[in-house]
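Number of protein chains: 2
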Amino acid sequence: MEFNPNTHVFKSPKVHTIIKEAIDFLNRTSAYQLPPPEPFIGTGVYCLYYFGNFDLYKKFACLDITKCTQPIYVGKAVPKGWRTARTGSESDSTLYGRLREHGRSISQGAGLDIKDFKCRFMILKGDESNMITIVEAALIRKYKPLWNTVVDGFGNHDPGSGRYDQAKSEWDVLHPGRTWAEKLRGKSPDLEEVKAKIRKALK
Amino acid sequence: MEFNPNTHVFKSPKVHTIIKEAIDFLNRTSAYQLPPPEPFIGTGVYCLYYFGNFDLYKKFACLDITKCTQPIYVGKAVPKGWRTARTGSESDSTLYGRLREHGRSISQGAGLDIKDFKCRFMILKGDESNMITIVEAALIRKYKPLWNTVVDGFGNHDPGSGRYDQAKSEWDVLHPGRTWAEKLRGKSPDLEEVKAKIRKALK
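First to last, the sequence lines map onto chains S and E.
Using numbering that gives the first Met the number 0, the first residue of the first sequence is number 0, and each one after it goes up by one.
Using numbering that gives the first Met the number 0, the first residue of the second sequence is number 0, and each one after it goes up by one.
Check each hint, because a few of them may be wrong.
Because identical chains cannot be distinguished in the list, a pair is counted as satisfied if it fits within a single copy or across any two copies.
[Claimed, not checked] Below 27 Å or equal to it, Euclidean Cα-Cα: the simulated BS3-like pairs (lysine-lysine) are:
| no. | residue 1 | residue 2 |
| --- | --- | --- |
| 1 | K10 | K79 |
| 2 | K143 | K199 |
| 3 | K79 | K199 |
| 4 | K194 | K19 |
| 5 | K66 | K10 |
| 6 | K141 | K13 |
| 7 | K124 | K141 |
| 8 | K141 | K196 |
| 9 | K10 | K117 |
| 10 | K79 | K196 |
These aren't lab readings, by the way, just hints derived from the structure by calculation.
Isolated chain S, as found in the complex (with noise of 0.2 Å):
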């Protein structure tokens, strides 16, 4: 029997219906001030928008919430142990905690105020938590957020002691003050350089 790769290529025309309908669902969700009003239960995909005047930021930020679907970051936040099937926590807090670290970044953050900015966010649970990932592609790839595809390191965590021989991130040059970045010794992107990338990409 000859080998034909082709006979293995699956397709189906559910996948560009469902990403559509899930990125449709969150841009019509409440957005809100950094972190949510209260802590609540799940995983799930989110977007932060910007409406501020940082100089460098001002072609990119949005002017109305309610109209405004385009996100200065994405992120996501999976079920502890989703890769080796373990089930997931019912109890699983972290998209909410995600929220609260980006604020708490973006508090510390110089240049920045928590003010202005503002998040939506989707929770995705049972077999609908497969999709995180998915829906995290795709919103990168639809919106190519400035925080996930230019400026590199918003999302990074403190990487703890005995770790901090390695460089700050871009983010972390560009918006200095998180306290754990702080202690970071390794050799740092050039700010200019770090500012140059963002102008020639919001051009």
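Put chain E on the given structure of chain S with help from the hints.
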């Protein structure tokens, strides 16, 4: 306005349907010895099946590939850079590369014979490439393959020079012989404990 997390929960019946379609499709594709007869372009998901007599795996082994859908290992090959919205290369042959690498691992691993293995694979490209992770996760949840959920380390790569102070994986203790794994100098898992774990899992 009251904060209600339930208004942020996205549900779609299409998710379940599409995962099922993909698994059914995979189970109907032709099975091959490792590696498949010719190199091919594509990313996607694959299953490895075992037909041999390795004592610990007997309860688990397949008899007839035309009927057997219980894999010993499930894996994926995702497009390079897919998480950062960079477009995947159309000449990406990582799926074939993974299967070839697995063939090499099995050939070198003591107690295993490459002739006792077969593989099925499914190419997912374009929009469908977003599904690679969810289909892999669903296959692992459905079949709980031994080398994904009980014996750790089959899918590991050569950590590279300067990192051989790591410990061997459970798989490498059970099937010693992989060239790079033999260089590892960390404290290995105990062989009898690994065996006991498998016996318990297959009971």
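Right, here's what the structure says about each hint:
no.	hint	verdict
1	K10 / K79	between (29 Å within a copy, 20 Å between copies)
2	K143 / K199	within (14 Å within a copy, 48 Å between copies)
3	K79 / K199	between (38 Å within a copy, 24 Å between copies)
4	K194 / K19	neither (33 Å within a copy, 47 Å between copies)
5	K66 / K10	between (34 Å within a copy, 23 Å between copies)
6	K141 / K13	both (18 Å within a copy, 21 Å between copies)
7	K124 / K141	both (23 Å within a copy, 17 Å between copies)
8	K141 / K196	within (20 Å within a copy, 45 Å between copies)
9	K10 / K117	between (37 Å within a copy, 24 Å between copies)
10	K79 / K196	between (35 Å within a copy, 23 Å between copies)
Figure legend: structure checked against the earlier numbered hints; the only hint not met is number 4.
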